[in-house]
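Student: Sequence:
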Amino acid sequence: DRQGDGVLTITASKAMQNKDPAQVAALAAAQNLITHGIGNASTDEQIALGYLQVNTGRYKEGMDIFNRLLKKDKKLIAAYLGRGTAYALQGNLTNACNDFGTALEIDPKVSDAWKRRGQTRAALGQDAEAIKDLTKAASISADYECFHQRGIVYHKMHDYRKGLTDFRKALDLEANNHITWNFVGLCENSLGHTREAIIAYQRATQIDPNFKEAWANLAQAHRDGGDRVGAEKIFARAFQVDARYVHGFHLRGLLYYGCGEIRMALSDFAKGCDNDANDRNCQLMKAVCMHSLGNLSGAVAEYSALLRVDPAHQCYYQREL
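The opening position of the sequence shown corresponds to residue 1 in my numbering, with each subsequent residue numbered one higher.
Be careful, since some hints might not be right.
Stated by the list, open to error - Below, computed lysine-lysine pairings styled on DSSO-like, alpha-carbon distance capped at 27 Å:
1. 109 with 75
2. 60 with 71
3. 136 with 75
4. 109 with 136
5. 233 with 212
6. 162 with 212
7. 169 with 136
8. 156 with 169
9. 212 with 156
10. 136 with 162
11. 132 with 156
12. 162 with 132
13. 233 with 162
14. 60 with 72
15. 75 with 156
16. 74 with 60
17. 74 with 136
18. 109 with 132
No lab work stands behind these hints, which were simulated from the structure alone.
Just need the whole structure built from these sequences, with the hints factored in.
Tutor: The structure is reproduced here in structure tokens:
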């Protein structure tokens with residue numbers, strides 16, 4: 001089984017059917033089905049148990065196991081990877097980077113360490129360093145995650161051509177990943193390729209019909225292509241998945257606002273605010289719609305509420321008008 005984002009896992013699906021963590025760990029170790037095991041049954045069993053604890057959200061328990069292992073063997077790569085992953089999943093990204101870096105000092109050929117440090121550096125905003133790490137990981141083991149994760153970083157950097165190339169490479173290795181297809185659509189749309197974006201979003205929704213973000217992106221692509229009716233139908237499909245989808249209300253509200261349907265737009269922005277009082281995008285557009293409709297006192301109240309949260313918000317000038 002392919003390992004998931006950010007989590008070190010036992011790769012034995014049969015072993016995972018057993019609910020007792022100690023027995024699962026023992027079985028995985030016996031069958032040599034853990035990543036970066038050393039071939040010692042007792043140590044590998046502890047590594048497997050640590051992985052299981054991290055995978056199930058018991059980070060402290062997992063880290064305790066890895067700490068004990070590292071006291072016995074300071075060059076145990078699996079323990080650094082496991083503890084680093086636990087750090088990353090708890091938001092302690094600096095310590096996570098340090099553990100992955102230590103693993104690489106011990107063995108620079110561990111693709112998993114390059115990949116995980118790259119992911120963590122991307123989360124820290126160190127995009128150039130993340131690209132270097134993920135590129136190194138791909139040079140050692142060109143797997144799906146390397147290309148998918150590097151594509152995400154390129155997308156964040158607005159380098160949509162390189163991002164698209166990586167996402168396509170990822171799909172060559174795992175053709176039915178709905179998240180990657182969605183990113184292909186985002187890149188294609190950002191490059192002005194509306195038709196190709198629609199095809200990618202459709203593929204994502206075919207693979208996962210409950211992927212509300214892909215439905216919303218598909219609706220946006222239809223809007224970009226001038227198909228308001230089609231966009232409205234697809235937005236409705238997104239709301240079938242999640243009737244409280246705040247970002248969907250924001251995007252459909254923008255569709256209506258752009259078509260001059262201010263009252264319909266206001267209704268959507270208001271629904272977005274009702275479902276998430278902290279959503280600034282909907283709150284701003286709700287105020288803009290009120291402003292456009294001549295409800296100046298209502299608009300001022302919404303602008304003022306935004307400014308209490310963010311005193312430097314650009315809506316200050318709109319409120320003053």
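Student: Against each hint, give a clear statement of whether it holds in the structure.
Tutor: Here is what the structure says about each hint:
1. For the suggested pair residue 109 and residue 75, the alpha carbons sit about 14 Å apart, so the restraint of at most 27 Å is met.
2. Annotation: proposed proximity of residue 60 to residue 71 holds, straight-line Cα distance about 16 Å (limit 27 Å).
3. With a CA separation close to 21 Å, the supplied pair residue 136 and residue 75 stays within the 27 Å bound.
4. Our distance criterion of 27 Å between C-alpha atoms is met by residue 109 and residue 136, whose separation comes to about 9 Å.
5. For the hint pairing residue 233 with residue 212, the CA-to-CA distance comes to about 13 Å; that is within 27 Å, so the pair holds.
6. Pair hint residue 162 plus residue 212 holds up; C-alpha atoms about 26 Å apart against a cutoff of 27 Å.
7. For the given pair, residue 169 sits about 16 Å from residue 136 by alpha-carbon distance, which is consistent with the 27 Å threshold.
8. Of the pairs offered as hints, the one joining residue 156 and residue 169 holds, with about 18 Å between alpha carbons and a cut-off of 27 Å not exceeded.
9. Annotation: proposed proximity of residue 212 to residue 156 holds, straight-line Cα distance about 21 Å (limit 27 Å).
10. For the suggested pair residue 136 and residue 162, the alpha carbons sit about 16 Å apart, so the restraint of at most 27 Å is met.
11. Using a Cα cut-off of 27 Å, the hinted pair residue 132 and residue 156 holds, with the two alpha carbons roughly 15 Å apart.
12. Annotation: proposed proximity of residue 162 to residue 132 holds, straight-line Cα distance about 14 Å (limit 27 Å).
13. The suggested pairing of residue 233 with residue 162 is violated, with an alpha-carbon distance near 32 Å, which exceeds 27 Å.
14. The hinted pair formed by residue 60 and residue 72 meets the criterion: a straight-line CA distance of about 19 Å does not exceed 27 Å.
15. With a CA separation close to 35 Å, the supplied pair residue 75 and residue 156 exceeds the 27 Å bound.
16. Of the pairs offered as hints, the one joining residue 74 and residue 60 holds, with about 19 Å between alpha carbons and a cut-off of 27 Å not exceeded.
17. A C-alpha spacing of about 24 Å is found between residue 74 and residue 136, which places the hinted pair at or below 27 Å, so the restraint holds.
18. Distance hint between residue 109 and residue 132 is fulfilled; the C-alpha atoms sit about 14 Å from each other, no more than 27 Å.
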